[in-house]
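Asker: Each chain, letter by letter, is given below.
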Amino acid sequence: MATVNFGIIDDGFPVTQKTQLEFNDIQHLTGIDEWGFETSLRDLNVELISKSIHLKKRINVTGFYNPEFFFNSKKKSWDYISFDWEYKMQQADKEPEDYLLEILKNTQAKIYVFTGWEKRIHISSIIDSGEFKAFRDENRLEMLEKNEDDSVAQMLQSVTELFERGEELSFGEGTILIKPSRFILDSDDFWMLRSLLGSDNIKSILSEEKSSVIDEGTIHLMFEKSKFQFFIDKENSVLSASKNQLVESKFGVLDELTMSEALSIFGIEKLVEAREKGFTTIK
Amino acid sequence: MSQEYISDLIKRLGEPILPYGRLQQSKELLDGECDDYSSKTEDHSNNGNPNLEYSIRVEECADKLELPTERKFLWLIDFDEDKNLRLRMIPEQTPNENRKHKPIVCHSNFTQCGEALQGGECWWCNELETIFVNPFSGRYGAVSVEQWTAVLEFFEFIGYKKVIDSNIIKWEKQN
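Top to bottom, those sequences are chains A and B.
Numbering of the first sequence is given in our numbering, commencing with residue 122 and proceeding in unit increments.
Numbering of the second sequence is given in our numbering, commencing with residue 33 and proceeding in unit increments.
Keep in mind that a hint or two might mislead.
DSSO-like mimics (lysine-lysine), calculated; alpha carbons at most 27 Å apart, straight line [stated by the list, open to error]: (1) A:Lys-364 <-> B:Lys-115; (2) B:Lys-59 <-> A:Lys-300; (3) A:Lys-197 <-> A:Lys-226.
It is worth saying that the hints were derived from the structure and are not from the lab.
For clarity, every value in this text was computed on a predicted model and none was experimentally measured.
The following block holds chain B by itself, in its conformation from the complex (with noise of 0.2 Å):
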């Protein structure tokens, strides 16, 4: 792939954002939503299967409207020191005790509360080397169609086979 196309991948991508950027609104970050966890996050950039003890069976994912929240990874896609876009990824049930709300990791303990270019939730299937992947992310989650397209296309990009827009089957369905 030319540098041509990543430049292009990136523009897609969306500029890079601080946390709820893309809302309409200011929103406070609360306590632990900035503690760093990036030492606990893992870089997929080179299509490294997520962590197995986390992936979801193949019956599981029959019901792609229902896939098991406790297997969830959260994913975001950001650069890294030398400028190269990156995936990483978190199992969204690793315990952040200081966020009183909901005490789990957030997209943000990636970052800091710094600044990355979309991040959503997924689920790995390893039987059928299949990833499924959504928008949902309300700190750097896409808001056009050239966004979530530029992201799947990221995915597949480092070699992901298989990625599943599970967000769109369940708007399908649900249509």
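With the rest of the complex left out, here is chain A (with noise of 0.2 Å):
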């Protein structure tokens, strides 16, 4: 599965009995009217968990109230963080730059700095020298300010473009890239895509276009060609496999539809059910 994992540290969620906030509870507090001033740490949270809900939650995305229970947390491997700057229950001896240090030096993750404008000037003379500026260069240290029109959307931005470079994986003799797009995200949607309509018709398309990338355009050939099945009914009540008397019995007469009309109305998911279970009811 392709995920991207966005970690939020800041305290300026509102307050749980929680160190730290999964997806659901990110979800619920994105509801509730207890954010004060933080209107941009809600919009960066509405937007991400939006997002995920889109990409069928591929965002992870965590929160934290301080760096010290993003340190204590069993969650390593980020992609970006949020890092605010000054925290209200931070240790006497630990300075801001000192947690930012060690959260640069200890993932891989891109780190943006969300702080109020009136940090700007102190935090950009930390930042842009001494060991920060090997961080900086490399692109994985970015300040963006809180209350800016367009710093959510950059972060969002760069969520979407990294999620959108796609998946690598093994399959046959070689690597295949699968692009995310409306009908499959990643290697998981890829592998209901193939217990649909097999491993050798797949590779067969990819040959015969020369490509080894997955998208749209190759699952929509994928399907123009493929010489599978789906029926339904003239009420739209039932998806079947088969044209068989036991559906006809019950629901009347099924009509073919071409493979390209069955993924555009039902989608991979639902046409694996109706194959899997020989025939399934539509809500």
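Take the two lone chains and join them into the complex the hints point to.
Answerer: Here's what the structure looks like:
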């Protein structure tokens, strides 16, 4: 499964009893009105959660109230981290830059210092020099101001671009690249596609097209050329993998759908269900 | 019951088929789908109650459209080594990690992709001593009224006193 892991370290989250906020916790918090002045932080969370739901939860969003909770987390793989600068509950002997450096050294993530405009000059003077400069040069460290219109959009754009790079997967004799599309998002979905069309058919199309990329275009082509069939009744109540008397006895005559129609109307998951069960009701 | 009746029932259940044998199209069998899970199946040919851990409660039977997925069994009718008809079941949620697109068992795991007569899904309600059965198996499922009627008859023949055609209920409610 291709996922993007986004961590948010910020004491502006509404107060809960937890030290680590998981996807469902954050989704719940985005619906309540206890964010005070932290409207940008709320917007970031709303946008990430919405985007993730649109992508079948392929963006993992995790929140922490302070860096100590972040370091104590069992989660260690991060693509992006949004890092607030100051914390009400930070250790007396640690400065924000100490935490920031520790995160940079212990992850591979890109860090967005996401904080108020009034700290901009102070923070710039720190992260543009010393040990931070190398991370800046590697494009792993960037400051974004809360309440700037495009700060949240910029983080969302980065997440989208990373996700849309796709996922490489060993298949057959070689490696294929799965580009997210409205039909499949990643390898999990690809295995469903394979169960529907068969390995040989997929290999054959890729070979004909001299391509190793599974994108919306190649999926359309695979369905256009597929010899499989699906059937539907006139009332659109049932989707069947075969034209059979048992189904027709209840639903009337079944008509064949072209595979392209079946794909467009039902999507891959529903077609797999119909194939697995023989037939399935349409809700 | 006479041997004549059993012969007739076998005939009405349909010819033994390989997986997807009743589809008008061939279908590739994928990783894990032919793995041998027969040792994890339970033979219920003598009306043995299915694993009670998976029994559904009375209140869950009220809406027969939404029987709980996590306590569903797959059932399969095939011949044993002595050529006798048998009914086997396995909880659907039994893991089969080798199936990449859906890592739980499927009907061909009963047979290692060999022949069977019929397959589908069922739920057992121990309090009501009732079994809810449907023909949902793309690999071995019924494709005619005669076959499906014979399936329900076979469940009754081996001793289940209350066999509910959960598929028909769904259809009647929908229509």
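Asker: For the pair supplied as a hint, Lys-59 of chain B and Lys-300 of chain A, confirm whether the alpha-carbon distance does not exceed 27 Å.
Answerer: Given that 27 Å is the threshold and the Cα spacing comes to 26 Å, the pair holds.
Asker: Does Lys-226 of chain A lie within 27 Å of Lys-197 of chain A when you go C-alpha to C-alpha?
Answerer: holds (12 Å)
Asker: Is the Cα-Cα distance between Lys-364 of chain A and Lys-115 of chain B 27 Å or less?
Answerer: With a Cα-Cα distance of about 31 Å, the restraint between Lys-364 of chain A and Lys-115 of chain B is violated, given a limit of 27 Å.
Of the numbered hints stated above, the single one contradicted by the structure is hint 1.
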